[in-house]
Each structure stands twice: as structure tokens, then as C-alpha cells.
Amino acid sequence: MTNEKHNLIKARRAALIALLALCLTPCAPTRAADDKPAADDPAVGVKEHRHLVKGLFSKEREADLREAIGRMPDEIELVTADYQTNEAVFRYDQSKVFKGAKPQQVIEWFNQRLQQVSDRTFGIKPLPELPADKLTRVEIHIAGLDCKACSYGVYLTMERVDGVEVATASFHDGLATALIDPSKTDRAKLIEALKKREVDVKDDDAKADADKK
Amino acid sequence: MTRLGYTAMLALVLIARVSAHAAAPDIVNNYFEDNCFDCHDSKFRKGNLDLTALKFEPGNLDNFARWVKVFDRIDAGEMPPKDEPRPVPGETKALQAWLGDALRTAEHARLGDEARTGLRRLTRAEYENTIRDLFDMPGIALAGELPADGSAHGFDTNADALDISHVNLAKYIEAADHTLDYAIATRPQPPAVMKMRTALSYPAGFVAHVLMNGDGVLLRDKKPDPNFLPAAEHKHFDQGAHEQMGVFRSGATVGLFRHEDESFFPYFNEFVSIYPGQYRIRTSLWSFQWDKGQVLPSRGTEAARLSIVTLTGDGRGGGHPSTVLGYYDAPSMHEQVHEVTTWLNVRETFGFNTASLAPVANYSRKGHAMAFTGPAIACDWFDVEGPIHDVWPPVSHTRLFGDLPITEFSRDANPDVRPPQRDERRQPFFPGKNPPDPVKGVWTVHSDKPLVDADRLLADFLPRAFRRSVSDDVRKQYVAKVDERLKAGDCFETAMRWVYRAALCSPDFLYHVEPAGRLDDYALASRLSYFLWNSMPDDTLIALAKSGDIRKPGVLDAQVERLLKDPRSQRFVDNFLGQWLKLREIAATDPDRKLYPEFSTYLQNSMVAESRAYFRELIDKDLDASHLVRSDFAMLNQKLATHYGIPGVVGSQIRRVELPAGCPRGPFLTQAAILKVTANGTTTSPVPRGAFVMQRLLGQPPDPPPANVPAVEPDVRGAKTIREQLDKHRSDPTCASCHAKIDPPGFALESFDVIGGQRDRYRSIGEGDNPQRGSIDPFIGIGFKLGPHVDSSGALPDGRKFSDITTFQDLVASDTHRLLRNLASQLLIYSTGREVAFGDREKLAAIVDQTQKAGGGVRTLVHQIVLSDLFQTR
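Same order as they appear, the protein sequences are chains U and X.
Counting with my numbering, you get residues 1 to 213 for the letters of the first sequence.
Counting with my numbering, you get residues 1 to 874 for the letters of the second sequence.
Don't read these hints as lab results, they were simulated from the structure.
Treat the numbers as computed from the prediction; the structure is a model and nothing was measured.
Glycine is no exception: its CB is placed at the ideal position from the N, C-alpha and C atoms.
Check each hint, because a few of them may be wrong.
Claimed, not checked - Footprint (simulated), chain U over chain X, 3 or more residues, beta carbon under 8 Å: (1) 226–233; (2) 240–248.
Claimed, not checked - Below, in silico cross-link-like pairs of lysine-lysine (DSS-like), each with a Cα-Cα straight-line distance of 27 Å or less: (3) K47/U to K99/U; (4) K125/U to K99/U; (5) K366/X to K202/U; (6) K196/U to K366/X; (7) K202/U to K292/X.
Start from the sequences, fold in the hints, and give me the full structure.
Written as C-alpha cells, this is what we have:
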């Protein structure tokens, strides 16, 4: 064998070994853009996880959420909940509670289980892609909300508008709020969506909106 | 002309008159000449009757009928008229004796030995009740699918009313199949008993919707539910959101202000029956006064209506056919639990209505529920349990298959046998939450010796179904058919089903089998049970017929007592009254909403319940026939008592109420149901009411009006009373003879309006004075006026005068014999399926005499009828 051939064989062997090494090296876990895990691996051990909660539209709903989490068979603890941001912090061991789920599946699995125990009034969704300071806060005054379920109806109407990241509604003060992506929607569109469903938006809001146009 | 010529002419006239009655003896001719020809000859023809031309040919039916009318007029003392010279004493009696004999002889000659009651099939009601009793399925619904029966002499039991066509036969086959589908057990164990608590406010239902709009509220501990505040300035928003949040499944009490209407049908249809059978329901009801957010004691006990609703189509929407299960009390601020066991067919659920509340609607009211003050009925919960089977397989199955085991059908073991057909039981409607209880495999009755078992089973079934003994030859024909079906590849169940269907469609089942002449013991047992139970004889009656004991002294009387005490006798009350007093037509007219805004279905149903309960009381207490027109008690509930202006009656149940002296209420004559069926929904008229009284209560049916006389159009604008309009009509001599008899009862009953309310002024939509509200619910708007005063005075044909309804009642009640005789006649027509012929009158008179000797009570009358020759002869 010539030196040239020997070097070629060595080079091929090295490349093959490198390739094998690459395949056998475990992949580093991918992270969903939403989760903000602790510094160490979020998949293992009981850790706190912050998620956006669908249906957390008013102060009373915080207790409802706690009750719903309590009905879940999984070991998930609700640490804190803030209806104004629709966010909640949960504590659980992802590797046990969502065993077998890929990281990008955790939200969906959690969402399905929470919906099941709450008659679909609660759910989990990804945190907004836009940072909070890029979202616009909108306030709309509504007349004639009689109860929590009426507020839920208003919340659902707004939450379904594309661009609404966070929404609240309260029959106590007749106030509905939303954090919106201004590139996708605006206050006028929210008012339009509400009026289409015959929600009584108060005159000053409607007038202010008309003036803007 | 000379004197001789005149005399000759007179002689010729007399000869002509006499020769018209050449077949009659002189006594008839002389009587007519002395007392009748002055008015009823060819010249004057009063009442359109020329007796000089009336031949005596009673073999001709029309002629016979005319002579019967002559006989009756003389017998009643109507002819000769009171203001004419009286006949020679004894002449009338002699005439009637001869005429009566002649008519009876002619009738007998015409009828010969022909059976008096024609061959007749079961009526729809009899068919349904027979199936129900034969298979112990008390609620299976069949009558509504069969063609309507006719009516003859006032009843559908009459042979003349019961024709049959290919349509009937096709429907009988369908009915038999439906019966067998229900009756045959197709599983080794009964379906699991389901217990379910449901609420009026189930999601997606009508009530959830009206709660959103403020036509009802949710309550907890008798206060507004804090999780669902009453609709106020705005209606609640987004019913779906509320349902998702579980608002309507929270166990809260539903308080309803709104009455059922054309767009609101409260149903409990989270439960929809999958299996036919008995179901037990329990519900908690109470009432309250709602005052803009406050729950306060109500004005009194309200009434809620529960009904059985048959869901059709895809089950959505409202207005599905329903039958009333009953009315139930909802006391003020106090829960009352009601429990009822009832039969349900497949695809049935329960309906609810705030029956005693006036129609209100808050959905369009500013402020909705928080601006409303008014009564409400609350339903805390509604429990359903069933199907309940005391035994399995049920009686319906063992009637067909005895104690043969039910085993799983194996296709491998029976390669050449077709398995029985099965339809999968499932929950057919979307809101129904009660699931089916499926069974794996195909289960069917098993026989190791099919022809032996078939013979044994048919030996039990056929005599029971046919209501008499069945010969071996007949039974063997059915067994041969089983054999044929088995050889054709049917399994045992299917083969037997084939012959059972054939039996249920055979004349032996469908027809009353009655020999001509004296009924045999089986026919007597059947006639008795169809009279008092509207259904087949039970084992006791059949055993008495089989042993020959049924005609032994005291036995029939004892059986009459037994049958009357049985709850099934209520069918007799309902069916007889429904036809005799036309209660079946209670809903034929809708009272004008403007003139009678207080009318409601609850009132109408209460009316019918009153009449039925009253007849029941006459039978149970053996009260005399004067009670048909005058009474010191009434059978009332709160709704009726309020309508009649009788205080102190609380609750929805009918009960006996003693009346103050001088109160006209109580008897059939003044019951609201009768007053409604004899009016047209807008106005009353003395003529139809008077004719009703004459025909149905007094047994003196008036002649129909001449064809060319139009009806009198009432003046609803109130300018003229019907009486004033009729006066012109009655003053015409042609009309007067009939109207002198028809109108007086009608004038007396002018004291009552179209819904049976007592009045002294007519209501009008035109001129008049503003009325007092009286007992009309405060939530009902009043748009009518008070018009002319009512004049309910009159005079009977015999000249006796009455000033109002009570004095009329006194006059009529004194003729107890006539009332009893008519009732006897009606009961005979109903029970024997034929009219009372001229020749039956003596026997009818004997029945009435025996009854009066024993006190004259209605129960006694029923006994005497059953013991009579007329009843026991076909």
C-alpha cells in the first residue's frame, strides 16, 4: 500500500468515527419558545413552570383554577395565578407528569388535561411571543354583565380575536381589558367583535373609537 | 149547489178520511177526527203533518218512525195541545194501547229473530285497553294509530258506527307488531334500572334560554343564586358560556314566571326513555312571589302540570305531542314532594308547565326579572327511576312464552335457522343523558320441543285473547302455522310471533263474538267487562263463565260491584261521559282571546276532571238522577272554584265541595265542560244548548231544523242579545212548535258564558261598560266590555215559568223519572251497542221502575241494567 492510499484510509476511518460519534451523542433538549424554565434541565425534577392560562379572566377565576388543578390526577401544584396577565406558575416534575411528551408537546398535553377537568373553561397556551412591553393594553367598558359566566362570554369573544394575547372581563366593574399585538389587531376590532355579539359597549368607548376612525 | 149536493160531498169527504185508515179500528179514526184533524189535515198541515194522508204501514221504516212520533206526542201529553178541548176520558189510553201494540207487532215482524245488536268490532279504545290488559302493558299507545271510529245514536260502541276496511286491517297488523316488539323479552336480565336526577334548566334547553332572558331565576336557599343573578338591565350574555361554566347544572332551584306558549316548552329531556316500562318520578315543587329580586310568600298554592311528551323527528324544538300526567300543588314557600309511577313508551320524556300562572313575558320587559313583580313556581329537582320490573321476564313475555328459558342464539348450533330480528336500543336524542344498557349477543326464547310448547302456549293464550274457549281444531290450525314457519327456517320466537300476530288480527280477537238471542256466558262476561272496564274480562270473569256460575243468583251483582270498585272502571266513566256529554269535543273550540282572556288549558282540563269526578261520585254514592240537573255539592279544584266564584278551595286536586243553598253549580247541567261544548267559543245560543239538554239529559231529542232555515248570527258587538234575535224566529208559527220546547233550557243556560262562567251581562268587543276584574288573574289584560243584560227566564212547554237558572233547575229536577229513564237509555245504548227500540220500551220502563223502587241511584241503575233482559240478549 502506498502512503497516499494509507492516508486516505486513515482519513475515511476518522470521518467514519466522527460520524459515529456524532450519531451516538445524545441531543440536547429543544426548548419551546414559551417555557421559561429554571436554569437547570426543566424536564427533570419538580420545578416551577410559568404558563399562560386560558379562562383566567377575573379575580374569582383564580380560586376556580386552583380547584380545577386540584381535580387533576397529576401531581401539579398551582403556585401563583394572576388574572391580569392570565399567567400562572405551576410546580411539577415534567418528566413524571408528562412522561413521554416531547418538550413542544408539554403545553398541549397540559392543556388537554386541564380542559378535561374544567369542562373546557380552562386551558394552557403558549406565552406570547412578543415581550410584554411590545403589547398594547386596551380597556373597554361594557354595560349589563350580570354574572361571572357573562364575563366569560365577553372574555371568549375577545380571546378569539387574532392578536389578543391576554384578556380579562369582570361583571363587578363592567371592565374588559386585553393585551394585544398591535400589528394584528386594535381596539376597534375588539369593539366590533363585541358588538357583533350584541354586547352593550358603553357609549363613550364607542364614541372614542369612532373619533379615532 | 143543492143541500143534497152538499150532504153528498160531506159524506164523500168523511168517507175519504175514514178510508185512509182502513186498517185501523174506529177508535183511531174517531180519535183523530175528534181531536186532530182540525189542525192536522190536508188544508192546515200544522207542524207539516197531515194525519188524513198518513197511512198505517209500519213495515216501512219512515212510516213506522212517523207513527212512533205520533205515539210519543200523545203519550207526553203534548197533543192535543192544552188549550184545545180535551179528549173523552179513556179514549187516549185506548188509542195508545192499540197503537203501541200495533207498532210493537210491526217492529217484531220486521226484525224477526235477527240479532238486535249488529256484529261489531272493538272500538279503538276497547282495542287499546284489551291489549294493555292482555299483556299487562298499561300505557302502550295504540288507539291513536288506528282509524277513527264512527258514531251512531251518540256512541262509538254501536254496530252501525263500526265499519272496517283494508286500512283498519293494515293498521291492526302494525299494531300487533308494535305490541309484540314491546312484549317479548330479548335479554336474560332486565335493563339496568337507571336513577337520574335532572333539572328543568338542562343545557341547551328552553328553560336555560328563558333564564338568560329573565323569564325565570335560579335560586339557592330561597334566594337568588349568587352565581347567576337575575337578568336586570340586560339579559345574560352568551348562553353557551353559561353552560360551559356549569350554571345550569349547579343543582340550583329553577323559579319560573313564564307559562308554556307557542315558543316555550319546558321539558326534562336530559332523560328520554329507551325502554318501555314503568318509571317512578319524584319532584319537589313550591311557589313564591317574586318582587324585583326578592323571594316572598306567594298568593297561595299554585299548580304545576307534568305531562308525558312523545319526542318526534330529531327531538329538537318543542310542541311535541303530549298527554297530561297530572296537576301538582306547589305550596307557598314550602316544598312539596310528589311521587308518581307511570308507564313510558320509547322516546318519551316529561314536560312541565306553570299551569296556574297567567302568561307573562319578561324577555321584552325593561329591567327583565329585576323589574318584575309576580307569582312563580319553583322546581328544585326531578328524579326519574326505571324501567322498574317486578318480575323478569315481564308478564307480557310470559303471556306469550310461559316459563321457557331465554338463551343466547347460536348460529353455529342453528345453521339453517334465521335468528330473530333485533333493533339496537340506543339513546335517540341528543339531550338525553340516560344511556342504553346493551346486551351482547342475540337472546331468544328456547324450546326443545317447539310444537309441543307451541300447542301448550297457544292453549293458554288463545282463550284469553279471544275471551272464550277455543276448540282444539282452531288451536291446531295455529300450531300448524308454527310448524310451517319453523320448516321455513324461522326460529321458535319468530314462528310463534307469526301466529300471535295472526291471532291479534283475527275476527275472534277484533270482534265481540255474541250469539244471536240470549248471550252465552262468555259473551255475557265480555259484555259486562267492556261495559264497565272498556276491556276484556279478567280471569275471575272468565272462570265464572267457564264454570257456568255467572248467571247464578247474586253473582252478577257481585261482579258489577267488583268491577265498579276496580280502578279500571274509570275507563267506563271517561269513555261514556266523553260521548254522552260530548266531553271528547272539549277542545273543539278555542274561546275568543279578547272576550275570554282568562281561559286556559288548565281550566279546560279541570272542567273535564270535574265532570268525570262528578259521575264517579254519583256512582260511588248511588245518588239519584235529579243530580244530573241539580246538586248540593260540586267536584272542584281551586281553579274551577275560583272560576265559579266559590271560595275556600285550595289546591289542584278535584274534591267534593258542599255548596251553599241557591248555588246553581254542581250538576252536569251547569258544569263548565258542558257549557263549553255547547257553545262555539265566541257566543252562546239557547238553541244548541237547549237541544243538548233535551237530547242528552231529558231524552227528548228535538227534530232537526228545516233545511232552508239559516242559523241566527249572534251580534258580538253587543247591540242585540241572542234572545232578542231569536224572538223574531220564535214568533213564526212554523218554528214555534219546536222552539217552544228547545229554547227554555237554553234561555236558563244563558246565565253562563262560553267557558261556563256565570254572568248577568253579555261580554262584547263593541259597545258596553268596563267590567270589574273579579276573579280574573291580575296579569291578564281585559279588553272586553259588558253589554246587554242576560234574561234567563222562560217557560216550559207545559206553561210552568222559571225566572232564572235555579228555578229552572227546580222544575227539571222534579221530573226524576224522565231523567232516570234517559240515563238508563243512554247506558243501554252504550253497553249493548244498539239503540233502544220501540219494543224495548217496556223493558226499559221495568229497569227504571226497579231502580226507583230501590232508591233511584245511578249505581243501582247500573246493576238493574246488567240484570236486565236487554243487556243479556244480543
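Provide an ascending list of the numbers of those earlier hints which the structure does not satisfy.
-> none
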